Amino acid sequence: MDSLIDDSRPIFVQIAERIEDDIIKGGLLEESQVPSTNQFASFYRINPATAAKGVNLLVDQGILYKKRGIGMFVAKGAHAKLMEKRKEQFFAQYVVKMIQEAEKLGITSEELTDMIKRGVKTK
Amino acid sequence: MNHITGVMNMHFKAKWWFFIPWIITFLIFGSNLVISFLIGVPISYPGSIAPTCISLLVIAIVIVIRMFPFALGLSVRRTDFFLGATSIFAVISAGFAIVLFLFSLVEQWTGGWGTKLHFFHLSYLNDGSVIEQLLTSFVFMLNMCFLGVVIGSIFQRFGRTGLLIFFGTVFVVATIGSLIYGWWVDIFHLFIQHSAFELAIGSIPLVVIYILASYVMLRKATV
Amino acid sequence: MSHAVEVHRLTKSYGDVTAVHDVSFSIEANKIYGLLGRNGAGKTTLMKIITAQIFATYGEVKVFGEVPYENSHALSQICFIKESQKYPENFRIMDVLDVAASIFPNWDMEYAYTLIEDFELPLKRRMEKLSRGMLSSVGIIIGLASRAPLTIFDEPYLGLDAVARSLFYDRLIEDYGEHPRTIILSTHLIDEVSRFLEHVIVIDNGKILINEDNDVLRERAITVTGQTTKVESFTAGKDVIDRTPLGGFLSAHVMGELSTEDRKQSEELGLELTPVSLQQLIVHLTSAKTHKKEEEVQ
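Chains as they are written, first to last, in the numbering used here: chain A, 422 to 544; chain B, 19 to 241; chain C, 16 to 313.
In case anyone wonders, no lab produced these hints; they're calculated from the structure.
This one's a predicted model, so the numbers in the text were calculated from it and none came from an experiment.
All residues carry an ideal CB built from backbone N, CA and C; glycine is no exception.
Careful, some of the hints might be misleading.
Straight-line Cα separation of at most 16 Å, EDC-like style, residue types lysine to aspartate or glutamate; simulated pairs [stated by the list, open to error]:
| id | chain 1 | residue 1 | chain 2 | residue 2 |
| --- | --- | --- | --- | --- |
| 1 | A | K474 | C | E247 |
| 2 | A | K508 | A | D428 |
| 3 | B | K33 | C | E213 |
| 4 | C | K46 | C | D230 |
| 5 | C | K144 | C | E85 |
| 6 | A | K518 | C | E282 |
| 7 | B | K238 | C | E85 |
Not the full set, but computed from the structure, chain B residues with beta-carbon under 8 Å of chain C [unchecked claim]:
| id | residue |
| --- | --- |
| 8 | H21 |
| 9 | N27 |
| 10 | M28 |
| 11 | A32 |
| 12 | M85 |
| 13 | P87 |
| 14 | L90 |
| 15 | G91 |
| 16 | S93 |
| 17 | T97 |
| 18 | Q126 |
| 19 | K134 |
| 20 | R178 |
| 21 | T240 |
Chain A extracted, bound-state conformation:
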């Protein structure tokens, strides 16, 4: 349980990311109910207020929405929206860095594309 959450970043951000992951992997379908903040709190042994903060982060982004008196649900189009967001993150975190590193080593863009193709094949 402890390995799911670490101290490297704010806990509520990590809770939001866990929910995002679940939506992306299909564990949480659109229009399905998200566990309550109390359930998150018990499961990750964190403060319910922290869990609520994580959930609200996703509400603000339109990934989740609240049904009064029932709970939180995954919004329509949340999956696509998250995929888009993650792709952006992927570009910023990996692609840009990779190109920077490639430049240092004098790798041309053709060589880089070849490398990627080779990587895909060997996988």
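Given the structure of chain A, go ahead and fit chains B and C onto it with the hints provided.
Just chains B and C now, kept in the frame of chain A:
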């Protein structure tokens, strides 16, 4: 109000403490009865209620010392603890008075349990009307209980040192009083000149003082 | 925001020794607070004054807006579980629960019995025959089942193993979620509780050292690790609370939030940034102060 009932509930849970005086009393009574039967001589045992009284005193001390920290730990108000304990001791004293009286009646009816044993019905204590007899032993029991409560309260308020100083002072005052001023003689006269009932009535202010003193001390006691 | 506890300029002295020194703070209702600090820092004294078990030398305490001393209404809302709680030796566990039920207005007996099973306690055993861990479990059960609007746990788990402590945390968070109330948890096992504390108060030598939301506190300090010269140049002018050299490397704890420029610079220098855990932070802050004092003495 429900806090006081909570405290009373707490004391009632400790019911085994209240059996001790009865066990002691009836052990002594039983052995007297047996001896009386064996030797076939009428026995009058004037000290019969002394063990009852002393065990009540001890129990009162123990209850204050054991229950006060427990009660305060459960967020009980000091005043409520005090009121609950006071009610319990009043009930216990009344209960003891009634039971002792009933046994003294049985003792009379059976002619001293068939062997002329005088244990519960005593010539000095059991003079006077039914009400007087009941009140007499009730007030004596109250005296014992609340003397115990005072001693327990001194311990709660001033700790072990406080208690030692208290007993030291009492001892010194009693010694000086009896040696220099001959208090024992005065006390002896007090008993001769007055009936048990008169003494009991006369000791009511003492009970009031015990109660007030314990309340004042417990209000400032910490755990 | 309503306050569960307000403490104003509180001082408690025992003769020459000042256990709590001019302390003021307030505790918001329905949050989980951590009251942390070293042994003898004044935590227990503080909690005993809040619950009117002992008296302050100066200052004032209010619980839900009322002075708690000899105040039935205020006291009935408090449940204080302390390590040194005394129980009548001849009481059985069930007697203790029964008494608690007649005293705490929100007591849930069914829940208490569930917890008894969870903690595997022998209901009919007398208190004098319980192990230290069992006694602690009884305290924990009273604290949870009382559902008191202000529930205080002072080192509630002496003698409890990791499994039982784990159970306590789980039940606490669960029940807090269902019945929100103000909880003050005093402990030195900071790592075990740091994730579910919402607010942290650290007391050291009778004074308040930290009074901060846990989220804010998490970002108050960071560990910088890398080559000694690079770490030195990066931390120059910053508030370094601790440094641990290791060969040619240095690991330094820096107080204060880092700017984006700082982060960029650290990346360029090849430095590793990791957050300082609450436990580490408190250890540094409370021991750093002692060091300073020792230096002053010398």
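### Query
Is the hint on B/L90 kept, meaning its closest Cβ partner in chain C is under 8 Å away?
holds (6 Å)
#### Entry: Pair hint outcome, A/K508 versus A/D428 [Cα-Cα no greater than 16 Å]
violated (25 Å)
### Query
Hey, A/K474 versus C/E247, does the alpha-carbon distance stay inside 16 Å?
At roughly 37 Å apart (the allowed maximum being 16 Å), C/E247 and A/K474 break the hint.
### Query
Between B/K33 and C/E213, does the CA-CA distance stay at or below 16 Å?
Distance of about 44 Å is beyond 16 Å: violated.
### Query
Does B/N27 pass the interface check with chain C, least Cβ-Cβ distance below 8 Å?
Holds, about 5 Å.
#### Entry: Per-residue hint verdict: B/Q126, partner chain C, C-beta under 8 Å
violated (37 Å)
### Task
Compare the distance between the alpha carbons of A/K518 and C/E282 with 16 Å, and conclude whether the hinted pair is satisfied.
holds (13 Å)
### Message
Holds or violated: C/K144 and C/E85, Cα atoms, limit 16 Å.
### Response
violated (33 Å)
### Query
Taking 8 Å as the limit, does the beta-carbon of B/T240 come near enough to a beta-carbon in chain C?
holds (4 Å)
#### Entry: Satisfaction of the B/A32 interface hint, Cβ to chain C closer than 8 Å
Since chain C brings a Cβ to about 6 Å from B/A32, closer than 8 Å, the hint holds.
### Message
Hint check: C/K46 vs C/D230, CA-CA at most 16 Å. Holds or violated?
### Response
Distance of about 13 Å is within 16 Å: holds.
### Query
Does the interface hint hold: is B/M28 within less than 8 Å of chain C, judged Cβ to Cβ?
holds (5 Å)
Checked against the numbered hints listed earlier, the structure breaks hints 1, 2, 3, 5, 18, 19, 20; every other hint is satisfied.
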